[in-house]
Amino acid sequence: MNRELTCIECPMGCLITVEGEDTLTVRGNRCPRGAIYAKNEVTCPRRVVTSTVRLQDGRMLPVKTNQPVRKSEMFAVIEKINALHPAAPVHCGDILLYNIDEDAALVACDNIE
Amino acid sequence: MKNTYDLIIVGGGPAGLAAAIAAYDCGVTDILILEREDRPGGILNQCIHNGFGLTRFKESLTGPEYAGRFIAEAAKRNIPLSAGTTVLSISPKKEVTAINDRDGIFTVQAKAVILAMGCRERSRGALNIPGTRPAGIYSAGTAQKYVNCKGYLPGKDVVILGSGDIGLIMARRMTLEGAKVHAVCEIMPYSSGLRRNIEQCLHDFNIPLYLNHTITKIEGKDRVTGVVVSEVDEQKKPIAGTEMHFDCDTVLFSVGLIPENELTQEAGIALSPRTKGAIVRQNRETSVHGIFACGNVLQVHDLVDFVSEESEIAGKYAAEYILKGEVPFDDIPVSHSGNINYVLPQVINRNIGGNVKFFFRVSNTFRNCVFRVRSGNKLLCEKKKRIAVPGEMETLLVPAAKIADVTEPIEITLEVQPNE
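As they're listed, the protein sequences go chains A and B.
Each residue of the first sequence is one higher than the one before, counting from 1 in the working numbering.
Each residue of the second sequence is one higher than the one before, counting from 1 in the working numbering.
Watch out, some of these pointers could steer you wrong.
Stated by the list, open to error - Some residues of chain B that are not near chain A, with every Cβ distance over 12 Å (derived):
| # | residue |
| --- | --- |
| 1 | M1 |
| 2 | R39 |
| 3 | G41 |
| 4 | S60 |
| 5 | I71 |
| 6 | T132 |
| 7 | G220 |
| 8 | R223 |
| 9 | K324 |
| 10 | D330 |
| 11 | Y342 |
| 12 | R374 |
| 13 | E411 |
As the list claims (entries may be wrong) - No more than 27 Å apart at the CA atoms, straight line, and that leaves these computed lysine-lysine pairs for DSSO-like:
| # | chain 1 | residue 1 | chain 2 | residue 2 |
| --- | --- | --- | --- | --- |
| 14 | A | K80 | B | K357 |
| 15 | B | K316 | B | K357 |
| 16 | A | K71 | B | K180 |
Said to hold, decoys possible - Label-pair restraints from in silico Cβ distances:
| # | chain 1 | residue 1 | chain 2 | residue 2 | range |
| --- | --- | --- | --- | --- | --- |
| 17 | B | P189 | A | L24 | 30 to 36 Å |
| 18 | B | S337 | A | N2 | 43 to 49 Å |
| 19 | B | T407 | A | N2 | 39 to 45 Å |
Hints are computed from structural coordinates only; laboratory data are not their basis.
Every value quoted in this text rests on a predicted model; they were computed, and no experiment measured them.
For glycine and all other residues, C-beta sits at the position ideal for the given N, C-alpha and C.
Okay, chain B solo, but in the shape it has when bound (with noise of 0.2 Å):
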């Protein structure tokens, strides 16, 4: 292993593998990508399920097919990876210190960085559920892996919380493979997983989904023997007398990912309170200069295909900040309304040329609704939409020509519009 990169990218998943080949594309080829597990290819190598790609590809892939694409074109650019390495951190000045079985502890020198961990599950301990702490809770995640990965099932009569997609695909793949689910629960009034899962993954099996619902009770000593679900208010309080019992001897968690972020934090890059990724400009640069971050570490997505794109920005921008230096910030911030939960950019850098595609979430299911950019008293892009979700990302896109003028700080806006 040399002791200098011009860039280093922390993760071998989607967004490090597409950033890696789209920075290789622009003329940076000394790259080093850097994975904890044993292969490329991230999360999606136990994602079995197919619906990846549909954006990019024009066709539905398994997450296997789609990552193997993916490492394939890096194999073609002969794009080094460091397999079964895991980073311990990352300076500001852009020294990465990792550990693996064949090199021990070392520190690399890197001219740019590019943050692509990913994110984790939120576990039963963010959610301060009461009972016993027997065995079969799983994050939804985990028992992916086991059942994918593996070959386990890691029990037969299943209860699931929360109704983020991983929970919905983990309902049919259990059912698929013999476990009979009974129920799954959902604390908000909507699901947080796309239409098409809710479909296919529930309805198709008579899975019921309790929406206003959450488990209020863990039985068992040794073993999960059953659930106590209860019915929330609207404070998410729990309802006395709307207690339901279900036998099961296993609870899956599907409540919710969180960019895997620590070796930001320490390498001083500032954070957003709402996405729990760094805070970049539209080339995905952090506020520390020529470290890049692209991903799930980034903003939790819901489509692969958008982390690809995203990677892309994050890849060309850090080859063209090795070529051609940096670019000094010039910041104009982004915010939003009230019904609109982050938007990402969060700050948009007048030194950059360029369209500017805005990634956003709503807070709640809104019908014939219009979003609009505005900076000051200029409208910036303006997008009908018939329904709007909060499980599914927004994008809107405003033409290069329209940010290059863009003096006042730039603001989002949701507004329902009255019936036609």
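Just chain A, with the same shape it has in the complex (with noise of 0.2 Å):
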């Protein structure tokens, strides 16, 4: 069965097509993110969270998931990040929460004093 995909991995868009059941062959891909997202998209695809906590004094943190999550379980991975309310001051890179899906883990990416 022939699959034919958008890659999401850059701004670039390539139009993949992943052919095969058991073996799966990549085409269209301009380079290996590509091949590594075609087939995550074709047997459980993921996705990187992005979206905010607010913090104990009621400012808002950016936040995202360091690896993809599963796409099924992106709208728990939401509910367990909106239940985060960390303290201050907080820096860029900051693990907040370990094993948010699977192996993940959430992030923040700013720094707020």
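If you follow the hints, you should be able to join the two separate chains into one complex; please do so.
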């Protein structure tokens, strides 16, 4: 079965074709990220989730998962994010929650003193 | 605050920061960045999604992370930034008048100025959509600021007009935060957003995209209660009988960005009717010697990586202007074929050496096409493309050697190749 995909790894948006059932052949990708994306997409699609958490003092901190999480679990991940209210100071790269989905952790994306 | 600076940069977003760092590294250290918001970073501070920096840093950063890298580099060099400061006017003599709550109104004299004010969103008013004037109508970027910086969700049932990237990003963001996005309507037959955003922001959440559709009525007295969406014909006129009704409490507009050039105009700088930004040479110098422009105030970019690249050009040449003096204009105009919307730079100054990278946008979707840069009969550069879309900026690099002996006007063309 052939599947046509638009790669989301970068703004190039390569049009990728995935062929085969057990062994997957990927065509149309211009970089190795595209091959990984395409294989994941037909087996277990994954997305990096970005959102914000409200700090104890009310300020908003942008956050992201440090690796793609299962697409099916995105809303569960958001629920966990919304339950967090860390205290300032927070620094870019600080881990706020381990294993938010499988091995992925939630990290801060900004410095708030 | 001093009265004079070598270089004043208007705007502390990605363009202003990259320009400042580049100018500093070229030997100009007496720099002042004037920033309207209370912190540097510009629009990146509210762009919490990822996908920034793939070209430059080879990794996928969020907006605040991308900005953070430049803020850190500027801080390492101790480049002063005056936050909360709004520039009121810039004179052709490079006197910059600004206001803030510490210094009041003040004027500073610069040797060179870099315009890096960015752009703003087109509003409902620009579109003449009939209906009432209820609450619940936002530009997508305003909604983005509410959600990401203030922590408020502006509505629960949303219809988005325009499929620009901010609209697509907000469709996903509002969905993840618990709102229901009923439709994204696009008057054109194609989306102006990046393909990856159609995929991950709409398809992932089963949000329908209606191409060739627009909002023809907004309903509600105090708050939006619904919209009417109609299909449009080839002249973009609504087709009677195609009306669809959506109940909603919120309408977001993502209908284009306009470079913010009031200050540029007041300074007497020539603007391009195509880009709505200054007409610049390859060094990003405007029609006024010593005033440079870069980033979204010059042309609306879709990748911040390109903004940084362009701003480094402006920063480098502003530094050269300060250190070595004025380079006289010896201008060759750059034009383009009808299937290209605009090309930047619009002018090549033959007194400036180096490679020239042209940025441009095509007017429609083209498959298997070839771009060519010509000067008279001379072919300067050629590039084939599997697919070119209006939403994605194209680039062509012409090497220094080819630019050096150009004597005739330059034209950039797009030709569709017959199927192989």
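These are the hints, each one checked on the structure:
no., hint, result
1, M1, "24 Å, holds"
2, R39, "10 Å, violated"
3, G41, "9 Å, violated"
4, S60, "7 Å, violated"
5, I71, "9 Å, violated"
6, T132, "32 Å, holds"
7, G220, "29 Å, holds"
8, R223, "25 Å, holds"
9, K324, "37 Å, holds"
10, D330, "36 Å, holds"
11, Y342, "19 Å, holds"
12, R374, "27 Å, holds"
13, E411, "27 Å, holds"
14, K80/A - K357/B, "46 Å, violated"
15, K316/B - K357/B, "15 Å, holds"
16, K71/A - K180/B, "18 Å, holds"
17, P189/B - L24/A: 30 to 36 Å, "33 Å, holds"
18, S337/B - N2/A: 43 to 49 Å, "36 Å, violated"
19, T407/B - N2/A: 39 to 45 Å, "52 Å, violated"
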